[in-house]
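Chains as they are written, first to last, in this note's numbering: chain S, 1 to 273; chain U, 1 to 305.
Check each hint, because a few of them may be wrong.
Unchecked claim - Below, simulated DSSO-like cross-link-like pairs (lysine-lysine); rule was C-alpha separation at most 27 Å, straight line:
no.: 1; chain 1: U; residue 1: K119; chain 2: U; residue 2: K268
no.: 2; chain 1: S; residue 1: K71; chain 2: S; residue 2: K232
no.: 3; chain 1: U; residue 1: K248; chain 2: U; residue 2: K197
no.: 4; chain 1: S; residue 1: K232; chain 2: U; residue 2: K142
no.: 5; chain 1: S; residue 1: K232; chain 2: U; residue 2: K197
no.: 6; chain 1: U; residue 1: K268; chain 2: S; residue 2: K232
no.: 7; chain 1: U; residue 1: K142; chain 2: U; residue 2: K248
no.: 8; chain 1: S; residue 1: K232; chain 2: U; residue 2: K119
no.: 9; chain 1: U; residue 1: K142; chain 2: U; residue 2: K268
no.: 10; chain 1: U; residue 1: K248; chain 2: U; residue 2: K268
no.: 11; chain 1: U; residue 1: K268; chain 2: U; residue 2: K253
Source of the hints: derived by calculation from the structure; they are not laboratory data.
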Amino acid sequence: MRARRFLSGGWLSVYAFLYVVFLYLPVIFLPIFSINTAPTPKFPLTGFTLQWYADLPHTPALLDAAWNSLKVGVSASVLATVLGILAARSITRYRYPGRRTINGLIMAPLVLPEVIVAISMLLVMLQLGLSLSLFTVVLGHVLVCIPYSMTVLTSGFEGFDRSLEEASADLGESAFGTFRRVTLPMVAPAIISSLLVCFTISLDEFIIAFFLTGTEATLPIYIWGQLRFASKLPGVLALGTLLLVASFLLMTIAEILRRRAARRTQNEGGLYA
Amino acid sequence: MTAAVEGSPPLRMTRARRNALLQSEPVQGFALISPTFLYALILLVLPILVVIAHSFWTQHYLTIDRTFTLENYRVALTEPIYRDLLWRSLYISLTVSLLTVILAYPIAYFISFHGGRHKSLWLFLITIPFWTSYLLRVMSWKVILGYNGVLNSGLMGLGIIDEPSTALLYNSSAVIITLTHAWAAFAILPIFVSLEKVDRTLVEAATDLGDGPLRSFLRVTLPLSAPGVISAALIVMIPTVGDYVTPKLVGGKDGVMIANAIQAQFGKAANWPLGAALSVTTMLIVTLMAGATVLIIRALQRLAR
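Isolated chain S (complex conformation) (with noise of 0.2 Å):
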């Protein structure tokens, strides 16, 4: 046991406590300075202000980005975890051959670069006679949420009992039946958390965005074409600030729900373990 001692130290949890800063700080600065009266983000703060947030809904190019946006992320995170439920439930259920090939490809996306991605789909789409829009882009964002909606879904479906779907048709529930009372009500935190979790990938996502939308912008873009604007910036951190919280909500929801899922299914792992 001295090898505990050793290694629990005070330093590693003063480490620990110096990472999760590090990890923080830089993010904290965002809010920090949309709501400081200098329109420079610089040190020493110069005073307390609202005016940054007021200015955005009268922004009409900043509300349709944010209605697209929504259209985008509505679109693609169901269309994900539709995807992601039938792969899912054919990875955790079913043993056939080539099973572990084809989970590497629906997966490979979060490892390769995104440029390049992006730029392949591009080629394709352009190729396909398909014009850059929306549409493009959800087609995208769908590619790059599928590895995550399956992490997430494989998590609540994993060890589930199928004993109980077998107890529930022999005591005379309906297919549709044994479905909607007991498949459905065990697997739908982690389906909602699926969802929530590819909204908010869709929400801040933005390289595949960038190449693939035609001349309507997400969220951002927007805000990508605002930083050339010196002037611009107050705004753009009231936003940013906006969007974070966004994020950050989302991502806690999605994580209590997934985390109910996995306790109703006895099942412990998913996007943080």
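Position chain U relative to chain S; hints supplied.
The following block gives chain U in isolation, referenced to the frame of chain S:
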């Protein structure tokens, strides 16, 4: 198609029925995954094949000449600008993956061995910043490192420096810092998972047999967690090679990476085949580098034992 019928066969099932089920199970499993599989084939595999094909073609203004040529690869590998960008991208991604793994390991170790009941809370705390927009995180580094930024104004306020330093932003170090921060969580998770799998009794056995704490860590825990270190290194290395946003926002002239050149070929420069060849070259080189990393870590793992 009720779930009950397909389930693991209860004892009362007849043999014939069981055989039929075994035969149909792969078919059903495959049928269920085929929509997702097809989606990945059409939007990932097919596009990558199209990119590979383009890399052997030539562009004349708006038309593509489909005669086979290796000219694009010659340009990609010998033109000083692309060669330099490739080297810099590899150097940056290698440095970033090394840094993230070294910085992440103690954290993963801390959570796995001393996280106690709060393991998942720690993991949640550490991963949550990474679900926020990547673009915004890069932007915050620009705010921190900028000429009029947080660090400069802070240091001046404290009287440490007299005038803002220009050395912080717009160079490859800024890119390395930003990427190291951006990918931190991705390195922690795989290392944590492999540390969780380390049999604690082995560590105790090593201690009981007289190995000091450091020695038992180096000879038992570290080698056993090598698979996690490998996946952490790869999960950071491969995507960072092709990073576009970070070099563009904080890299300046000295921090430009290959993805910026690839983007230019598909945008302003409008030379798709060259852009395709640059993409393929990047992928090939990063694959080689990933392979080498795996071999080196495995060799170290054997040495440690």
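Hint-by-hint comparison with the structure:
no.: 1; hint: K119/U x K268/U; in the structure: violated, 49 Å
no.: 2; hint: K71/S x K232/S; in the structure: holds, 25 Å
no.: 3; hint: K248/U x K197/U; in the structure: violated, 40 Å
no.: 4; hint: K232/S x K142/U; in the structure: holds, 15 Å
no.: 5; hint: K232/S x K197/U; in the structure: violated, 49 Å
no.: 6; hint: K268/U x K232/S; in the structure: holds, 26 Å
no.: 7; hint: K142/U x K248/U; in the structure: holds, 11 Å
no.: 8; hint: K232/S x K119/U; in the structure: violated, 41 Å
no.: 9; hint: K142/U x K268/U; in the structure: holds, 25 Å
no.: 10; hint: K248/U x K268/U; in the structure: holds, 15 Å
no.: 11; hint: K268/U x K253/U; in the structure: holds, 18 Å
The structure shown violates the earlier hints numbered 1, 3, 5, 8.
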